[in-house]
Amino acid sequence: MSIEAKEEFRPKIVAFCCNWCSYAGADLAGSSRLSYPADVKIIRVPCSCRVNPMFILRAFEKGADGVIMCGCHPGDCHYTTGNYYARRRMTLLFSMLDFIGVENGRTRVEWVSAAEGVKFSQTMNEFVEKIYSLGKNVRLEDLRCRN
Amino acid sequence: MYKIEKENLEALFRKIAESQDLILPIKKAGQTNFGLWNEGEEADLDTLKTVKSGKDAFFPQSETLYTCVRDGKKLTVEPEELRSSPFVVFGMKACDVKGMEVLDKVFLADPIDTFYAARRDHGTIVAMACHEPEESCFCKVFGTDAADPAADVAVWMVEGTLYWKAISEKGQALTEAVKDLLTDADASDEAKVSAEKEAIHNIVEQLPYTHLSLEGWDGNATDEKFNSPVWETLYKPCLACGTCTFVCPTCQCYDIKDYDTGHGVKRYRCWDSCMYSDFTMMAHGNNRTSQMQRFRQRFMHKLVYFPANNNGMYSCVGCGRCVEKCPSSLNIVKVIKAFEKHGGEK
Amino acid sequence: MQELITRAKELLADGTVVRVLGWKAGDLSYNPEAAYFETAESLDEFVYNGFCGQNLSKMMIEASKLEGKTLVCLKPCDTYSFNQLIKEHRVDREKAYIIGVGCKGKLNVEKLREMGIKGIKSISGAELTDACEELHISTIYGDKTVAYKEAMLERCHVCKGKEHMIYDEIIGESKDTKDADRFAEVEKIEKMSPEERFAFFQKELSKCIRCNACRNACPACSCRKCVFDSTKFDSAQKANVDSFEEKMFHIIRAFHVAGRCTDCGECSRVCPQGIPLHLFNRKFIKDIDTFYGEYQAGADDQSKGPLTSFTFDDVEPGVVAERG
Chain A
1 MSIEAKEEFR
11 PKIVAFCCNW
21 CSYAGADLAG
31 SSRLSYPADV
41 KIIRVPCSCR
51 VNPMFILRAF
61 EKGADGVIMC
71 GCHPGDCHYT
81 TGNYYARRRM
91 TLLFSMLDFI
101 GVENGRTRVE
111 WVSAAEGVKF
121 SQTMNEFVEK
131 IYSLGKNVRL
141 EDLRCRN
Chain B
148 MYKIEKENLE
158 ALFRKIAESQ
168 DLILPIKKAG
178 QTNFGLWNEG
188 EEADLDTLKT
198 VKSGKDAFFP
208 QSETLYTCVR
218 DGKKLTVEPE
228 ELRSSPFVVF
238 GMKACDVKGM
248 EVLDKVFLAD
258 PIDTFYAARR
268 DHGTIVAMAC
278 HEPEESCFCK
288 VFGTDAADPA
298 ADVAVWMVEG
308 TLYWKAISEK
318 GQALTEAVKD
328 LLTDADASDE
338 AKVSAEKEAI
348 HNIVEQLPYT
358 HLSLEGWDGN
368 ATDEKFNSPV
378 WETLYKPCLA
388 CGTCTFVCPT
398 CQCYDIKDYD
408 TGHGVKRYRC
418 WDSCMYSDFT
428 MMAHGNNRTS
438 QMQRFRQRFM
448 HKLVYFPANN
458 NGMYSCVGCG
468 RCVEKCPSSL
478 NIVKVIKAFE
488 KHGGEK
Chain C
494 MQELITRAKE
504 LLADGTVVRV
514 LGWKAGDLSY
524 NPEAAYFETA
534 ESLDEFVYNG
544 FCGQNLSKMM
554 IEASKLEGKT
564 LVCLKPCDTY
574 SFNQLIKEHR
584 VDREKAYIIG
594 VGCKGKLNVE
604 KLREMGIKGI
614 KSISGAELTD
624 ACEELHISTI
634 YGDKTVAYKE
644 AMLERCHVCK
654 GKEHMIYDEI
664 IGESKDTKDA
674 DRFAEVEKIE
684 KMSPEERFAF
694 FQKELSKCIR
704 CNACRNACPA
714 CSCRKCVFDS
724 TKFDSAQKAN
734 VDSFEEKMFH
744 IIRAFHVAGR
754 CTDCGECSRV
764 CPQGIPLHLF
774 NRKFIKDIDT
784 FYGEYQAGAD
794 DQSKGPLTSF
804 TFDDVEPGVV
814 AERG
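One line per chain: the protein sequences are A, B and C, in this order.
According to the working numbering, the residues represented by the first sequence are 1 to 147, in order.
According to the working numbering, the residues represented by the second sequence are 148 to 493, in order.
According to the working numbering, the residues represented by the third sequence are 494 to 817, in order.
Derived from the structure by calculation, the hints contain no laboratory data.
On a predicted model such as this, the values are computed, not experimentally measured, just so you know.
All C-beta atoms, glycine included, are put in the ideal place defined by N, C-alpha and C.
It is possible that some hints are incorrect.
Some, not all, of what chain C presents toward chain B, calculated at C-beta under 10 Å [claimed, not checked]:
#	residue
1	Lys517
2	Asp520
3	Asn524
4	Pro525
5	Ala528
6	Gln547
7	Glu603
8	Glu607
9	Lys614
10	Phe693
11	Arg703
12	Cys704
13	Cys719
14	Glu759
15	Ile768
16	Pro769
Label pairs and their calculated CB-CB ranges [as the list claims (entries may be wrong)]:
#	chain 1	residue 1	chain 2	residue 2	range
17	B	Ser424	C	Glu662	36 to 44 Å
18	C	Thr801	B	Asp218	40 to 48 Å
19	B	Ile259	C	His629	49 to 57 Å
20	A	Arg146	B	Glu189	28 to 36 Å
21	C	Glu680	B	Asn349	44 to 52 Å
22	C	Gly508	B	Leu255	58 to 66 Å
Quick partial rundown of chain B residues pointing at chain C, CB under 8 Å, derived from the structure [claimed, not checked]:
#	residue
23	Gly177
24	Gln178
25	Ser209
26	Ile350
27	Lys383
28	Gly389
29	Trp418
30	Leu477
31	Val480
32	Lys484
Build out the structure end to end from the sequences listed, making use of the hints.
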């Protein structure tokens, strides 16, 4: 993809981050002055398990081009088991989105601890790059939200 | 009267679609519904009943009324434009056309619904006689003639030829516009159409619901029917889905809501169903709290309240779509019959 | 059927049950409706034939709230739903007297219409008294004979078997009507390209009229207040505005019943637009089977569902992308 095209398309990316690990990880990335694109909008949730499949579809509806969910590493959940449930749910949801023909790179789950500022920034950079290559989300947007 | 061979219909559609939108039954993923015809689309004139009636051509299931857009501190309100270009609805049946009459009573009475009125003004209906009525049909009960639809243009399909008769001014204008493709029908053709009509009438007489009695159902029956204990058992299998209301050619209730687009609001209206728990929901709650009440509302409206306010006109046209589509096999015929059976009981 | 009526009358008479939940003869040959019977006389209208497809388990949620025991007629596949509802504490086992009724495959009148059969006057061969091989249909436009199999509901072609999972007694014979692979359709779609899959679902779902029949008929959809009925929810259930709403509704509907769906096929049976809604549910079931081990919801009334349990080494969601 050429540089010009990149400048035209600014993806909107929603990142659901759990309060205890990933949000702190994002904080660390910030305070360590690690950069990640401003296209990523973080929504803080108490636990990755709080993320309802509806949140993800809703984000796409309102014009998100990619949605990423970050939580504590399996085994490290602040609420002990929340992320294990989230993992099963997201696996099924992503598989369903793939099934109905939505490009499967638009959704991602990554486990990021509070100490992993570097991983957070790397993950976001990678994800934004991926969404750039996929282009605008047209298969799951609500046309009423255009313009 | 004019005629056109079935194989030339595509050319006719193309001709109409050149100058205006053409809406006709289109088969998509196994089901036939009215839709905008474009080149290559599969027009399906053989299916007797489209799943939804053609009412959405005039009263769409969902339509935006106006849009508010917020841009920084600036707020603009853009009203939706009214229909200003002509369109043709091809292939409605006599019952669907009668359904439009019912809708007219509602939307063209004061205060006039401008969105609907604009579509009515610009729409020309070409209605088709029912070649082979089905067991779920009972249009005769409501005084509709399946063989002679009262639209702008009436058409009959007999043995691969479509006979075309303009009825209204709008129908004549459409006929003029497509005249190149039509040929004059002679006396033998007239006879064929008459024979077709008679054949249709004969079939209608044999249909199981044709002799359904509406005795006792009129605008004066409110107290008697409303308080009947029959409803208590009748509604039981009702799933509270909206199938019957959405496939019905006369159901006209709608809801108005706001949709948040993230940078403004789209105010839209969409069909509502009296079967839904949030139907007529108000700040204080809902005045119908049980499914029995909601179920009763639908049939009381069609057979009692509507005739009470419209000189005895029922808001059921006997298309039989609810008979075919209700997932629980409930329908207006069963309601009428149940009351007939329990007529004496109070 | 006579045996059923006789037994129901006995149970009503000796006070074991106070009502019977079954089917009442319709006014056409193919439209019986679910009904409660409280007296022996009313049972004269009772009917049980090939067109009694409705899964009565869902109606037991309401019946469980009534005084006294309800006799309910459940087909083998309905008993899965009933078990699942027991597990979720939505029905009361003590309030139900289950008669497992025999089933030889249920019929779909839409299938007959697809064959071009119209003006149906009467149908014979659906009484379940014989082997259910042929249907003789008399119509205004002539008589037709079709194979019973050809007119069966989709779900019966992937029948889960003739065993009732839960019952108090069984009346009537059942037949395993399975003649297709349950996941064949899902696999066929999986093999398509994303573009083709998208086009396929776009086409199917654009027919949706948002009538909610699929949700309301579903025995697993037992929430008192559905998220799509909430007036506080910013996007109305009723809006049939563009393609997104339908996709959202159907994905969420299927997701909410994932791991609990017994694959009873009611959603596809009731859809007025003939959308193959079971594909969504089966995709989830197939994924659950692949990722977390085979699981049949409703096979028992105790086990934990796949979405309410986990193991430490479950697959990561990234597996979907890796699978390509």
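Comparing the hints with the structure gives:
This hint holds: lysine 517 of chain C has a C-beta 9 Å from the nearest C-beta of chain B, less than the 10 Å allowed. Checking aspartate 520 of chain C against chain B: minimum C-beta separation of about 6 Å stays under 10 Å; hint holds. Checking asparagine 524 of chain C against chain B by beta carbon gives a least distance of about 4 Å; that is within 10 Å, so the hint holds. Against a cut-off of 10 Å between C-beta atoms, the interface hint on proline 525 of chain C holds, since the closest Cβ of chain B lies about 6 Å away.
The interface hint given for alanine 528 of chain C is met, as the beta carbon of that residue sits about 7 Å from the closest beta carbon of chain B, less than 10 Å. Proximity of glutamine 547 of chain C to chain B holds as hinted, the smallest CB-CB distance being about 7 Å (cut-off 10 Å). This hint holds: glutamate 603 of chain C has a C-beta 8 Å from the nearest C-beta of chain B, less than the 10 Å allowed. Below 10 Å, beta-carbon pairs count as interface contacts, and glutamate 607 of chain C has one with chain B at about 8 Å; its hint therefore holds.
Because the beta carbon of lysine 614 of chain C sits about 7 Å from the nearest beta carbon in chain B, less than 10 Å, this interface hint is met. A cut of 10 Å between beta carbons decides the hint on phenylalanine 693 of chain C: the least distance to chain B is about 9 Å, and the hint holds. Hint status for arginine 703 of chain C relative to chain B: holds, with the closest Cβ pair at about 7 Å, below 10 Å. Using the Cβ-Cβ criterion of 10 Å, the hint placing cysteine 704 of chain C at the interface with chain B is satisfied: the shortest such distance is roughly 4 Å.
For cysteine 719 of chain C, the interface hint holds, since its Cβ comes within 10 Å of a Cβ in chain B; the closest pair sits about 9 Å apart. The beta carbon of glutamate 759 of chain C is positioned within 10 Å of a beta carbon in chain B (closest approach about 8 Å), and the interface hint is therefore held. Taking 10 Å as the C-beta contact cut-off toward chain B, the hint placing isoleucine 768 of chain C at the interface holds, the least distance being around 8 Å. Hint status for proline 769 of chain C: holds, given a least beta-carbon distance of 9 Å to chain B, under 10 Å.
At about 37 Å, the beta-carbon gap between serine 424 of chain B and glutamate 662 of chain C stays in the expected band of 36 to 44 Å. A hinted range of 40 to 48 Å holds for the C-beta pair threonine 801 of chain C and aspartate 218 of chain B, which are about 46 Å apart. Between isoleucine 259 of chain B and histidine 629 of chain C the CB atoms are about 54 Å apart, so this pair conforms to the stated range of 49 to 57 Å. For the pair arginine 146 of chain A and glutamate 189 of chain B, the beta carbons lie near 30 Å from each other, so the given range of 28 to 36 Å is met.
One distance hint, 44 to 52 Å for the beta-carbon pair glutamate 680 of chain C and asparagine 349 of chain B, holds here, with the actual separation near 50 Å. For glycine 508 of chain C and leucine 255 of chain B, the hinted distance range of 58 to 66 Å is satisfied, since their beta carbons lie about 60 Å from each other. Satisfaction of the interface hint for glycine 177 of chain B is found here, the shortest Cβ-Cβ separation to chain C being roughly 5 Å, below the 8 Å cut-off. Proximity of glutamine 178 of chain B to chain C holds as hinted, the smallest CB-CB distance being about 5 Å (cut-off 8 Å).
At about 5 Å, the closest approach between the beta carbon of serine 209 of chain B and any beta carbon in chain C falls short of 8 Å, and the interface hint on this residue holds. Because the smallest distance between the Cβ of isoleucine 350 of chain B and any Cβ of chain C comes to about 6 Å, under 8 Å, the interface hint for this residue holds. Of the supplied interface hints, the one on lysine 383 of chain B holds, with its beta-carbon coming within about 6 Å of a beta-carbon of chain C, less than 8 Å. Taking 8 Å as the C-beta contact cut-off toward chain C, the hint placing glycine 389 of chain B at the interface holds, the least distance being around 4 Å.
Contact between tryptophan 418 of chain B and chain C, as hinted, is supported at the beta carbon level, the nearest pair being about 7 Å apart and thus within 8 Å. For leucine 477 of chain B, the interface hint holds, since its Cβ comes within 8 Å of a Cβ in chain C; the closest pair sits about 6 Å apart. Evaluation of the valine 480 of chain B hint against chain C yields a held restraint, the C-beta minimum of about 7 Å falling below 8 Å. Because the smallest distance between the Cβ of lysine 484 of chain B and any Cβ of chain C comes to about 6 Å, under 8 Å, the interface hint for this residue holds.
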